[in-house]
Amino acid sequence: MSGKPKLKRVPMRELEVSKRIRSFDEVALGYNEEEAIAEAERCLQCKNPKCVEGCPVGINIPKFIRHIRNREYEEAIKTIKLANNLPAICGRVCPQENQCEGRCVLGIKGDPINIGGLERFVADLELSRGFEVPEKAPDTGRSVAIIGSGTAGLTAAGDLAKMGHNVVVFEALHEPGGVLTYGIPEFRLPKRIVKAEVGYIEKLGVKIETDVVVGKTLTIEDLFQEGFDSVFVGTGAGLPAFLNVPGENLCGIYSANEFLIRVNLMKAYKFPYESDTPIKVGSENVVIGGGNVAMDSARCALRLSQKNVTVLYRRTEKEMPARRDEVRRAREEGVNFRFLTQPVGFLGDDRGQVRKVECIRMRLGEPDRSGRPRPIPIEGSNFYVDADAVVVAIGQRPNPMIPKTTPKIKVDERRGTIIVNPETLETSFKGVFAGGDIVTGAATVISAMGAGKKAARSIHKSLVK
Amino acid sequence: MDVEAPLIAKKAEAGQFVIVRVDERGERIPLTLVDWDKDRGVITLVYQAVGLTTRKLSEKKEGEHILDVVGPLGNPGAAEKFGTVAVIGGGVGVAAAYPRAKQLRQKGNYVISIIGARSSNLLIFEDEMRSVSDELYISTDDGTKGRKGFVSDVLRDLLQGGRKIDYVFAVGPTVMMRAVAKVTKEYRVKTDVSLNPIMVDGTGMCGACRVRVGGETKFTCVDGPEFDGHQVDFEELLTRLNTYREEEAMALERYVKRGGGED
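Order-wise, the sequence lines are chains A and B.
Heads up: the first sequence runs through residues 79 to 543, numbered per my numbering.
Heads up: the second sequence runs through residues 22 to 284, numbered per my numbering.
Honestly, the hints are just simulated from the structure, not real lab data.
Wrong hints could be hidden among the right ones.
[Claimed, not checked] Okay, derived cross-link-like pairs now, SDA-like style, lysine to any residue, Cα gap no bigger than 20 Å in a straight line:
(1) Lys-278(B) with Glu-352(A)
(2) Lys-345(A) with Asp-44(B)
(3) Lys-239(B) with Gly-325(A)
(4) Lys-32(B) with Thr-297(A)
(5) Lys-59(B) with Val-290(A)
(6) Lys-385(A) with Glu-410(A)
(7) Lys-239(B) with Gly-494(A)
(8) Lys-239(B) with Asn-322(A)
From just these sequences and the hints, can you work out the full model?
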């Protein structure tokens, strides 16, 4: 590299809008080699890299970027995989703009390095060539049960297997992956990528048992009795929140979880040709919420219906928690937005089918606990939005299955989260650790990964002492 | 149908259910656990081949596999000693009534069973029910067996005749459970009904099975499947059950037309 750094990032190619809205094909197409090298060359290789501080799992980012520059792709992926077992997933769905890229020095005057794009480039390259299984520590003779095969569980499983433990992951659904499988749509995270990265974890020696609901099929006590030495709970935030307003049980109103499970896990977008699970959208589709789950739901509804999709959000665009790129893509695809709009009820027809959302206008007040301005209803401003399908995407709460069936685990009653020792992630049940959304409430893939790694380290410590 | 599922057989209790997915393209549907043998590791499921998934199940031959069976899900039914109980099953729900009748009798209750179907040739589990009941009554809509009419009519006759019944459990078509609950409300008999809404995951994640009970929204899969019959909003449940009626019919029709297998 010579002279002044390039301030503009190499753009990532995207599927054109007309093709996007008629398929569930991936939208962001990734970098090719030439593009990746050009982007890698913009990196300043800071002596004191801020990006690493922003990464919840501490990937040596400048180092892997340097390897890309030198076309040492195997070295690049090895560097990433020291810290991250699921790079093709993280490269796609991490909110890099708030993490590594958010700290990038280049971002002060121009565009930060597309770290996610580069991570994805090397991870995809490895997927296309086949994995190299890293060396594992010798067998410790200890076994660990992991509950939940989402990000936290898979990460903990992979790390513990590398440390030489026998690891079995129990998954309640019929496919592993948690939110990566049932929540995030194909066009943002292709399921072949999830399958491949789950396959990598299995290659490390991890066994995955699907169709086992821990708490029902087996209890945590049963797991100890069966000879497991330690248990990790990574059961996520699977409990859908509803608005609790009149008419919410009308036909055509879905929780985002139901809508996305039907589409992503059950492949309802292939009904009736290759899937037996139906889904119903209409000509006026409404999505309530402003996060990534709302964007995913809106873009699925658009693809399924080819009709109008409107997102209702109670604050303004600025406060939306969704990733900017996803909001932009949703808008490009034709999703409409109505801000400062809060649903207060649903009206149906004589067949019990939803027809309208009653809304109230909001204004922004003083910042609330989240630091964002509190939305305040404007009295008497009620109005109606047509709707024949509605997706309620206002958040998920921790999955209550383990807390409800394991009295020995202490729970924060108000939030529904499992209480852990912040240093070790151990719960009040000795030998049982927990991490990810079940501890923090709904958060990101990468923070769940950070928790999975931390839990793996402390489980390891407790087993080999 | 007997299915090998040792973990489920070990934990099963009366009133619980499993979720079944027949093949790769299959839906997830709930089926009540009818019987189980902990030693042999086998569970018994009973279904009526009315929709696509149940039809696929009915075409399975002995020794073949079902892709996914998960459970036991939901909460066990109330297994107290009430005194005299009436266990009521309608249609394919008679099979679902069987484990509850058996369990309530084991708890020392005097069990009056009332079973019914549209017609005598559709009446199932009569012998099984007789084996776990102190008294057994039968009704058919067309009068081809037992009393002509509905199970709720038989119950009404008993109550009207002064029989003291301390607890009623009913399972079957939603309209039947609604009719039973209406009768027992009049006579102030505690009544649980086992609901059969649309479900997807069956573990509390999707809310497809939400029902209003006593004015509050409950998830049938994790809060039920049994609820106080006097509190359930049956009208809402009936409406929600119809959500995919056209799609279900279409999927079955396509399957029949192509002679089974893949599309």
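Non-conforming hints, listed in increasing numerical order: No numbers; nothing is violated.
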